[in-house]
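Kindly produce the complete structure, drawing on both the sequences and the hints.
One-letter residues, chain by chain:
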Amino acid sequence: MLNDVRELRAGRELSQQALGGALGVSRQTINAIEQGRYDPSLPLAIRMARFFGRTVEEVFHVDGAEARCEQRA
Amino acid sequence: MSMARRRDVNSARKWVVPATCVLAAGGFVALFLVKGQVSSAIATGGIMLGYGIVLVILSRRNEVASILRNDAVDERHASINLRASAFALRVIVLLAVVMFCVQLAAGRGFGPWEAVCVAGGTSYIAALMVLSRRA
Numbered sequence: 001m002l003n004d005v006r007e008l009r010a011g012r013e014l015s016q017q018a019l020g021g022a023l024g025v026s027r028q029t030i031n032a033i034e035q036g037r038y039d040p041s042l043p044l045a046i047r048m049a050r051f052f053g054r055t056v057e058e059v060f061h062v063d064g065a066e067a068r069c070e071q072r073a
Numbered sequence: 074m075s076m077a078r079r080r081d082v083n084s085a086r087k088w089v090v091p092a093t094c095v096l097a098a099g100g101f102v103a104l105f106l107v108k109g110q111v112s113s114a115i116a117t118g119g120i121m122l123g124y125g126i127v128l129v130i131l132s133r134r135n136e137v138a139s140i141l142r143n144d145a146v147d148e149r150h151a152s153i154n155l156r157a158s159a160f161a162l163r164v165i166v167l168l169a170v171v172m173f174c175v176q177l178a179a180g181r182g183f184g185p186w187e188a189v190c191v192a193g194g195t196s197y198i199a200a201l202m203v204l205s206r207r208a
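Protein chains in written order, with my numbering: chain R, 1 to 73; chain G, 74 to 208.
Treat the hints with care, since some could be wrong.
As the list claims (entries may be wrong) - Negatives, chain R to chain G, calculated, CB over 10 Å:
#1 Met1
#2 Leu14
#3 Ser15
#4 Glu34
#5 Ile46
#6 Arg50
#7 Phe52
#8 Thr55
#9 Glu57
Said to hold, decoys possible - Some chain R residues close to chain G (C-beta under 10 Å, calculated; not the full set):
#10 Leu2
#11 Gly20
#12 Leu23
#13 Gln28
#14 Ala32
#15 Gln35
#16 Tyr38
#17 Ser41
#18 Val56
None of these hints come from the bench; they were simulated from the model. All figures in this text were calculated on a predicted structure; none of them were measured in a lab. All residues carry an ideal CB built from backbone N, CA and C; glycine is no exception.
Here is the structure:
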């Protein structure tokens, strides 16, 4: 599943390790999610979205179309 | 479970496998020493201790070692562990069925392979029945 986790993480200048620690998952899991190799569970997806101040639909894209998160005004 | 509590549980849990390796090493050494097999005692004890030490060292840098050590297992690790266990189980089941057929063809009576097949089949069906009601 395509997602904007890498961009959102970079926007906050966080390492994968730091983001994983904040969400209670490993660095490898964050890496797998960013590369689209692993789809997080619903609770984890919601935690990630809330961490970035977004909705789940704004972070994860199920229709396969590439989307870039827009800077909030 | 809060993040702090989860970290405490993970911190304790990651020492269970190494501790088990130490206990198993002690058990194997004692077992073989009682039988007077010193070289076997050294070999098996060394293998178990070595496995535990390798897991402790590698788990910080290697994901497989981390999963084997049960170190900070998250949902993805749990999923990988489950799928790997299912794969290993299929290999064991295939082996048991093949060996049962070999034993049957050789005309031998009820033996361990039949027991494995019966135990595996009944436990799988029982688990399906329970999980289909609960899940």
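Here's how the hints hold up against the structure:
{"no.": "1", "hint": "Met1", "in the structure": "14 Å, holds"}
{"no.": "2", "hint": "Leu14", "in the structure": "16 Å, holds"}
{"no.": "3", "hint": "Ser15", "in the structure": "16 Å, holds"}
{"no.": "4", "hint": "Glu34", "in the structure": "13 Å, holds"}
{"no.": "5", "hint": "Ile46", "in the structure": "13 Å, holds"}
{"no.": "6", "hint": "Arg50", "in the structure": "14 Å, holds"}
{"no.": "7", "hint": "Phe52", "in the structure": "17 Å, holds"}
{"no.": "8", "hint": "Thr55", "in the structure": "21 Å, holds"}
{"no.": "9", "hint": "Glu57", "in the structure": "21 Å, holds"}
{"no.": "10", "hint": "Leu2", "in the structure": "18 Å, violated"}
{"no.": "11", "hint": "Gly20", "in the structure": "8 Å, holds"}
{"no.": "12", "hint": "Leu23", "in the structure": "9 Å, holds"}
{"no.": "13", "hint": "Gln28", "in the structure": "5 Å, holds"}
{"no.": "14", "hint": "Ala32", "in the structure": "6 Å, holds"}
{"no.": "15", "hint": "Gln35", "in the structure": "12 Å, violated"}
{"no.": "16", "hint": "Tyr38", "in the structure": "5 Å, holds"}
{"no.": "17", "hint": "Ser41", "in the structure": "5 Å, holds"}
{"no.": "18", "hint": "Val56", "in the structure": "16 Å, violated"}
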